[in-house]
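Engineer: Let's have the full structure, built from the sequences with the hints guiding it.
Each protein sequence line maps, in turn, to chains Y and G.
Residue 336 in full-length UniProt numbering sits at position 336 of the first sequence, and the numbers go up by one each step.
Residue 55 in full-length UniProt numbering sits at position 55 of the second sequence, and the numbers go up by one each step.
Errors might be hidden in some of the hints.
[Unchecked claim] Examples of chain G residues lying across from chain Y (beta carbon under 7 Å, computed):
1. Met46
2. Ile47
3. Val50
4. Phe53
5. Gly54
6. Gln86
Calculated from the structure, these hints are not laboratory results.
Every residue, glycine too, gets a C-beta built ideally from N, C-alpha and C.
Residue strings, one per chain:
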Amino acid sequence: MNDIFYVMLRRLRHPLITLISIYSLATLGFVMIPGQDDQGNVWHMDFFHAIYFVSFMGSTIGFGEIPYAFTSAQRAWTLVSIYGTVIAWLYSIGSLLALFQEPMFGRMLRRRAFAKEVRNFNEPFYLICGYGITGSAIIKKLCNRGIRSVVIDIEQERIDELEVDGLVLRVPGLCADASLPEVLDDAGLQHPSCIGVLALTNDDNVNLSISIASKLLAPGRLVVSRTESEVNARNLASFGTDYIVDPFRDYAEYLSLAAHAPYTHLVYDWLVNPYHRPLSSAYKKTSGRWIICGLGRFGKALTREFAKHDVELILLDDDPSQLKSFNNTVIGLGTEAQTLELAGIQEAVGIVAGTDNDADNLSIIMTAKELNPKLVTVVRQNLSTNMLVYKNSKADFIMEPGKIIANRILAKLKTPLLPVFIEQMQLQDDVWSHTLLNRMSSIASDRELDSWSITVSPETTPAITTLSAEGVGVKLSNLMKDPRHRKDQLPCFPLMFRRNGDLKLLPGELTELEEGDEILFCGLAEASNQMSWSINNYNILYYLQTGEEPSHNLLAKLLKRI
Amino acid sequence: MNREKVIYAFFIVLALTMNFGFFIGEIDDPAHHNVYEFFAAIVVSMICTVLKFGDRTHLGALMMATSLVADLQLVIAALIWGYGAQLSDVGVTTEMFSSVISMSGGALLANIVSVILLMVETIVVRR
Chain Y
1 MNDIFYVMLR
11 RLRHPLITLI
21 SIYSLATLGF
31 VMIPGQDDQG
41 NVWHMDFFHA
51 IYFVSFMGST
61 IGFGEIPYAF
71 TSAQRAWTLV
81 SIYGTVIAWL
91 YSIGSLLALF
101 QEPMFGRMLR
111 RRAFAKEVRN
121 FNEPFYLICG
131 YGITGSAIIK
141 KLCNRGIRSV
151 VIDIEQERID
161 ELEVDGLVLR
171 VPGLCADASL
181 PEVLDDAGLQ
191 HPSCIGVLAL
201 TNDDNVNLSI
211 SIASKLLAPG
221 RLVVSRTESE
231 VNARNLASFG
241 TDYIVDPFRD
251 YAEYLSLAAH
261 APYTHLVYDW
271 LVNPYHRPLS
281 SAYKKTSGRW
291 IICGLGRFGK
301 ALTREFAKHD
311 VELILLDDDP
321 SQLKSFNNTV
331 IGLGTEAQTL
341 ELAGIQEAVG
351 IVAGTDNDAD
361 NLSIIMTAKE
371 LNPKLVTVVR
381 QNLSTNMLVY
391 KNSKADFIME
401 PGKIIANRIL
411 AKLKTPLLPV
421 FIEQMQLQDD
431 VWSHTLLNRM
441 SSIASDRELD
451 SWSITVSPET
461 TPAITTLSAE
471 GVGVKLSNLM
481 KDPRHRKDQL
491 PCFPLMFRRN
501 GDLKLLPGEL
511 TELEEGDEIL
521 FCGLAEASNQ
531 MSWSINNYNI
541 LYYLQTGEEP
551 SHNLLAKLLK
561 RI
Chain G
1 MNREKVIYAF
11 FIVLALTMNF
21 GFFIGEIDDP
31 AHHNVYEFFA
41 AIVVSMICTV
51 LKFGDRTHLG
61 ALMMATSLVA
71 DLQLVIAALI
81 WGYGAQLSDV
91 GVTTEMFSSV
101 ISMSGGALLA
111 NIVSVILLMV
121 ETIVVRR
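Structural biologist: Take a look at the structure:
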């Protein structure tokens, strides 16, 4: 990182040469011009005195004429030299100041400070490229969980937002092109504490190059990438990107789940979204005919997902060429009542307004609601600035790609067991999900449901290991008791249990724990804090197990014996 | 023809010739060594150093190093001379004067290396 130094040297070439030339010329003049000593003899100033005189004359205009009073010729030369040296100084200092004020120089300084800050990180952190809706939501959550992150974004505005967003941890940000490996390296791609790289920019190609760079430089590191095209997704998967999110496909999956398994959908929603949908929303009838308006990327992804579950579909688009390869189509935007009537709005259960124009989408929803008030409405939001109108549109689902991806990625980062559970859960029937949902609801009601996992091992759960080594079997139920009062239960319950690769959903609470077991819990965040006491502190776990405080010093043990 | 290259080469060769002109002669005879030529050698050597600023190539780094060596040798020679002429009670002794000249001889070597590097660069990068 010698860039700054080199730039400075190159810029100072001319001023320094001017300075040297003028100084040497002035010095030479004083040596050559004859003077007079105090006895009136001709006296030539030597180099030593000449340099001495010019040095102080150049910077301060002098302490006087030394060692003897000057002759007129010398004074004339002094006059010339004064202006010469002052101008040389002004020029040099001016160039230096101008350099410091240049935006390019400022950028270099900022980049250097950024790289230095990241280099000095000694705790695990995520490298996040792109500070848009998704990026900011993820960083906020990570900060709240005490996990550090580093941001790169191509726009200075967004980096400025980072400072004003009031995050609880300091997040270093750099305005640069994240597709350049050099930039990624400065942001800590090769740093040993970097635990994951998230490529969340709007540009698929940039995301691709970030993922490739990360996989090449650090093959074992987690890489999450966002993409909007199938080709790119396959490309990303081909070199082992750990998690690929496609906003349209993911939302289509989410919605199709709502249509064919409302309770499973709600369980998913509660586990993944911080603000979950109320229990009552599941009572709406969602299986039957669906109308999809707008066959863009979103519409197509949705059609594919719905087709998997044999949902009856009517497709609307004003461009006939888009509708060619599909059945049950109606030409039209869907903003007028006539087209909607034609699509059979009276018999439909749901409508999706998925065009890329926000005004059209809102108009579709409003017209449809008038024709059939019982409809389940899904509306796509394209611009985040339209938040206010959308909030008041009373649509059942508002599709904002940024938020969806953020929640999906966070679920993955929270605990790797959660995606496994979600996959397993979708194999269960809706009745099973309904029971689970009631259980979740009794714990969380309308608060945020958190999830976390523990792995039984001497490092992560020292208390369980120690107690097991003493021959006392620790049961799952003991972990869920309140460390302050063992008769109370913590607001949480186990979702999944994994031993040697065998999965068990909603495990029995009397299971005895062994080393290597992994348990996924869900519950309120405070329960997670309390539980970390019982798994880490031997005394507390002993109390939970037996109901008595262990005697941990010699005196107490002696007293007990008496 | 590149004007910048001309100026660059001019100063580097001038630094060598000035230095040589001052160095040549009996090592302990002040009559053979002109003080003005010495002053000119120092000034030109400094300008050379500044001209070499900011070149990030490996060759540029070597050139810079030779220039810094020449500067160092010449400034030390000037300091010895100045001490003898101004501060010492006995004036510039023969020993002092010889060491001034031998210092400038060292600088001469550095300047020769510098010119060789300049030639190498010109020959290798033919443009």
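Engineer: Are the hints correct? Go through all of them and say.
Structural biologist: Status of the hints after comparison with the structure:
1. Met46: holds (5 Å)
2. Ile47: With Cβ-Cβ at 6 Å, under 7 Å, it holds.
3. Val50: holds (4 Å)
4. Phe53: holds (4 Å)
5. Gly54: Check passed: Cβ of Gly54/G comes within 3 Å of chain Y, closer than 7 Å.
6. Gln86: The hint holds - Gln86/G has a Cβ within 7 Å of chain Y, the shortest such distance being about 5 Å.
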